[in-house]
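Protein sequences, first through last, are from chains A and B. Take the first sequence: its letter number 169 is residue 169 in full-length UniProt numbering, and every next letter is one higher. Take the second sequence: its letter number 32 is residue 32 in full-length UniProt numbering, and every next letter is one higher.
No wet-lab data here; the hints were simulated from the structure. Each residue gets a CB set at the ideal place from its N, CA and C atoms; glycine is no exception. Among the hints, erroneous ones may be present.
[To be verified] Where chain B lies over chain A, by a calculated footprint (3+ residues, C-beta under 8 Å):
hint: 1; region: 438–451
hint: 2; region: 483–497
hint: 3; region: 568–576
hint: 4; region: 613–626
[Claimed, not checked] Quick list of in silico lysine-lysine cross-link-like pairs, BS3-like style, CA-CA up to 25 Å:
hint: 5; chain 1: B; residue 1: Lys34; chain 2: B; residue 2: Lys156
hint: 6; chain 1: B; residue 1: Lys34; chain 2: A; residue 2: Lys355
hint: 7; chain 1: B; residue 1: Lys156; chain 2: A; residue 2: Lys617
hint: 8; chain 1: B; residue 1: Lys140; chain 2: A; residue 2: Lys627
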Amino acid sequence: MRDDDDDDDDVRGSEPTCARNTLRTPPKKPARILDKSIENRRLLKWTSVERCPTHLRLGAGPCLLSWKRQRLRGDDTRSTLTPKTAAGRALCPFPRRRRRDIVLSAEPRRGSVQCNSHFKSLHCSPLDVRPCTNKGPVACAPPTNRCAAQAGGHLSLSSTAPPPPSPSSHYRERVSLAENNCHSDVVHLVVIVRSTSLSNACIVHSVRCQCASSLTKIVLPAERTDDSARTGGTEYDQFSLDTAFNTIIGDRRRADALSTSCGVPAQQTGSNPQLNSRFQRRSCACSAHVAPLNGKKRVLGKQMPVTAEKAGCGVFGRRRRRRDVTPDHIDQLMALHFGGLPGSNTDSYGFRKPKDLDDEAHGEFWSNYFSVLARREKRWQNVELNKGIDLRTDKRLKRFIRKGVPQTLRPTVWMRVSGAEERMAAHPGEFHRLAKDRPVGETAQTIELDLERTFPDNDYFTEYGRASATIDQLRVLLSALACKHPRIGYCQGLNYIGGMMLLVMKDAEKAFWLLDATITDLPAYYVADMRGVKIDALVLHHLIKQRSPELAEHFERLDVEMLLVTTKWFVCWYLETLPIETVMRIWDSLFFEGSKIFFRVALTLILQNKARFLACKSFTSATDLFKQIIKEPAAINCHDFMQNIFTVPGTLSMSTIAQLRVKYQNTTD
Amino acid sequence: MAAGPYNYSYIFKYIIIGDMGVGKSCLLHQFTEKKFMADCPHTIGVEFGTRIIEVSGQKIKLQIWDTAGQERFRAVTRSYYRGAAGALMVYDITRRSTYNHLSSWLTDARNLTNPNTVIFLIGNKSDLDAQRDVTYEEAKAFADENGLTFLECSAKTGENVEDAFLETARKIYQNIQDGSLDLNQADSGVQPKQLPRTTPAGGGDAKQCNC
C-alpha cells in the first residue's frame with residue numbers, strides 16, 4: 001500500500017519497483033528504539049519474567065508505548081494483545097507479502113498456536129500457554145496458567161480468553177510455534193507463521209512476547225535455578241531470541257547492531273562458538289525457508305553498507321512516511337472506522353460484516369490501511385477549502401482527493417467540491433419546505449416499500465435499535481427529492497445512495513443537497529426510461545473496445561452486454577457492489593471529478609481481469625466472474641484500487657465521455 | 001463433483017418478471033438455495049441464478065434471470081426477455097395492484113419472447129392467506145383465459161416453488177420433444193449440451209455454479 005506524497009518524491013524516486021512488493025514497514029531508528037527500550041525497562045521495572053518484550057526492541061514504536069502505558073496502568077490481563085498492539089502492526093518489521101511460512105529455525109518439533117484477531121478492529125485475544133507433550137499440543141487440554149507450562153515440552157499458545165465484547169472473532173490465524181530446548185544454555189525458538197493473512201503481524205508480536213516471557217520461565221534449564229544464573233540465562237535467551245528474529249527478518253547486521261547497543265556484548269556472539277555456529281545454522285535454515293526474502297533484504301536495490309546507525313531504517317526505507325503516525329492516532333482511527341453502535345459488531349457506518357467478506361484480505365488490508373489513513377489525515381490538516389477559489393482546478397486538491405478524504409472531513413469536502421454547499425446556500429429553507437410536501441400515489445408507495453429493504457445489513461436501518469430515526473430521515477430525503485425532481489420521482493437505487501449519504505453526512509439537509517447536486521450532474525440515470533444508464537453501458541463497451549478489442553469481441557460473442565452489470569454499478573454508484581470503504585473512496589473522486597469515475601472504476605475492474613474474462617467460455621461463467629471480481633482483495637484494498645483506476649484505464653477525459661454519450665444517444669433513441 | 005457442473009443436456013433460460021416487492025428474488029433464492037432470505041435487498045437491474053434439474057432423465061441447467069420490478073427498470077430489463085425459454089410471471093396474493101399489472105407484464109412477455117416461450121403464472125406469498133387480496137379462483141381464471149399455467153407458491157415456506165420451476169422445464173422439454181421448439185432458432189432460449197471442458201478455464205469457470 002503506497003502512500004506517496006510530493007514531499008516524499010526523493011524517497012520514491014530512489015526506490016526500485018521491487019521495494020513495492022517487499023518491505024513496507026519501517027522500524028524506528030535503532031538508537032531511538034534502544035533508548036526507549038532501556039528507558040522503559042527502567043521505568044517499568046521489568047521483572048525477570050516480564051521483560052521488555054522482544055518485539056518491542058525491534059522497532060515497534062507504538063507497541064512499545066502502548067505496552068508501557070498498559071504496564072503503568074497495571075493492566076496485566078490483556079497482556080500485550082490490545083488493539084494498540086494490533087495497531088502497532090504498522091511498524092512491524094516483517095516485510096509484507098513475505099511473511100508467510102517464515103521459519104525461524106528448521107527445528108522439527110512444532111506445536112501450534114491459534115489466535116483470533118477480531119473482526120475489523122483487529123483485536124487479539126490474550127494468549128495462554130498450554131503444556132504439551134513432545135508429540136505436539138495436547139488436544140483438549142484445559143487452558144492452564146502460563147506458569148503451569150512445563151519445561152521440556154512444546155508450547156502451544158491458544159486463544160482462551162473471551163473475545164473482546166464488540167467485534168466478533170473472524171480472522172483465524174494459525175501460528176505454529178515450537179521450541180527446542182535440547183541445549184542447556186540457549187533457548188531456541190521456532191516460530192512458524194502459517195498465516196494466510198498478513199494481518200498476523202500483531203500475532204507474531206504477541207507470540208514473541210509470550211515466548212519471551214514464558215520461555216524464560218518455563219524452559220530454563222534445571223541447572224540454572226539460582227537467581228544470578230536465571231538472570232544471566234534470561235538475558236542470554238532474550239538475546240538469542242532477538243537475534244533469531246532479526247535473522248529471519250533478513251537483517252543480521254541490524255541484529256548485531258541491536259545486540260551491541262542492547263548491552264549484550266557483541267563479542268558474546270562471536271566468542272561463543274556454540275552459539276555462533278547455531279546462528280549460522282539457523283541462518284541457513286532460514287534462508288532455505290524464506291528464500292525469496294533472503295535475496296531481497298536490500299530492497300532498495302543497492303548494496304548499501306548498513307551501519308549500526310542506519311541499520312533498521314535503511315533497509316525499510318520508508319521511515320519518513322510513518323514517523324508522524326502515533327499510536328494514539330491509530331487508536332483514534334480504529335475507533336472512528338470500526339466503532340459501531342454500542343454492543344454491535346458493525347463498522348462506524350453501522351454495517352454488519354458481509355457474509356461473503358474475504359476475511360483475510362479485509363484483515364490484511366485494514367492492518368496496513370490505518371497508518372495510511374493517519375498520514376492522510378495529517379496531510380489534510382494543511383488543506384484549505386477557501387470559498388471563492390475554483391476548487392475544481394486545484395491540482396493539489398485533486399491529488400489529495402484521489403488519495404482519499406479522511407472520514408471526518410468527508411461531509412465538508414463533499415459538500416464543497418460537489419457544489420452542494422452553494423446550492424444549499426442559494427436555496428435556504430427549501431429542503432424543509434420540500435420535506436413537508438409528500439409525494440403522492442405510486443412514488444410514495446414505492447419509497448415506502450423500499451425503505452425497509454434499504455441496507456438490511458445495517459444497524460441504523462433495521463428496527464434493531466436506533467433504526468426508525470434514520471429510516472424516517474431517508475423517507476423525508478427521498479420524498480423531498482421526488483418533489484424537487486418530478487421527472488425522476490423515485491428510482492430504486494436512490495434509497496441506497498441517500499441512505500449512505502445520511503450515514504456519512506449525518507444531516508438530512510446536507511445529504512439532500514449533495515444528492516441533488518450529484519444527480520443533476522449525472523446523465524439521465526434515474527428518469528422514467530433510464531436512458532442514461534443504457535447510453536453509459538454502450539459508452540463503456542466502446543471504451544473497452546478501444547482498450548482491448550479482443551475483450552469487447554469476447555463479450556459480444558458470449559452475449560454479455562455491459563448493461564447487465566453496469567445497471568447496478570452505475571445506478572447505485574457501486575454501493576451494494578464494492579466494499580464500503582472502496583465505495584467511499586470512489587465517491588470522494590466522484591464528487592470532484594464527475595461521472596467519468598464510474599467508467600474508470602468499471603474499466604479497471606474489467607481490464608485488470610482481462611485474462612480471466614477471456615478464459616470464460618460461457619455466459620454463466622462470465623456473469624459469475626463479474627460477481628467474483630468485486631469481492632476480491634484487489635477491490636478490498638481501496639488504496640491500491642484507487643491508484644489503479646487512474647492508471648489502468650489510461651487517459652479518460654470528461655469531454656471524451658460527453659462526446660461518446662452524444663454519439664450513443666442517437667442509437668438508443 | 002461427481003456429476004460435474006457441465007454434465008447436462010440443455011441450458012434453459014428463464015426470466016422472472018413481476019411488480020416490485022412480489023418476491024421474485026426470494027423465489028429464486030428459495031429455488032436455488034432452498035432457503036428463505038428474510039431481509040432480501042431489492043434487485044437493481046438483473047441478478048442471475050442457476051440450478052441443474054432433471055426432467056425425464058435428462059439433466060437440464062436452468063439459467064434464471066431475476067429482474068428488477070420497478071416500472072422504470074422495464075426500460076432496461078426489456079432487452080433481457082430475448083431468448084427466454086420460460087417466463088415466470090409473479091404477483092403477490094396480498095396486493096391486488098400487483099395482480100392488476102399482470103396484463104402489462106404479459107404483453108411484454110408475449111411481445112418480447114418467441115411464441116413457444118412457456119409463461120408460468122405464480123401467485124406468491126401463499127403463506128399469508130389471512131391477508132389474501134386476490135382469490136385463487138380469480139387468478140386461475142385469468143391464467144386459463146391466457147393459456148398460462150398457474151400455481152400459488154410461498155417463497156417463505158418453499159411451498160410449490162420447486163413445482164413451478166420444474167413444471168415450466170417439463171413444458172419446455174415437451175416442446176423440444178414434439179418439435180414445436182426449434183433449437184436452431186437463435187432466441188429459442190434453449191442451448192443444447194456443451195462439450196465438457198477438459199481443462200479448467202480458470203477465473204469464473206473454475207468457480208462452481210451454485211447448483
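How does the coverage statement for the region 438–451 of chain A fare against chain B, requiring three or more residues with Cβ below 8 Å from a Cβ of that chain?
holds (count 4)
Can you take a look at whether the region 483–497 of chain A is actually covered by chain B? Rule is 3+ residues, C-beta closer than 8 Å.
It holds, with 3 qualifying residues against the three required.
Are there at least three residues in the region 568–576 of chain A whose beta carbon sits under 8 Å from a beta carbon of chain B?
holds (count 4)
Would you check the hint for lysine 156 of chain B and lysine 617 of chain A, treating anything up to 25 Å between C-alpha atoms as holding?
Violated, because 35 Å separates the two Cα atoms, which is more than 25 Å.
Holds or violated: lysine 34 of chain B with lysine 156 of chain B, Cα cutoff 25 Å?
holds, 10 Å
Within the region 613–626 of chain A, is the number of residues with a Cβ closer than 8 Å to a Cβ of chain B three or more?
holds (count 13)
Holds or violated: lysine 140 of chain B with lysine 627 of chain A, Cα cutoff 25 Å?
violated, 38 Å
Hinted pair lysine 34 of chain B and lysine 355 of chain A, Cα distance within 25 Å:
Holds, at roughly 17 Å.
Checked against the numbered hints given earlier, this structure breaks hints 7 and 8; the rest are met.
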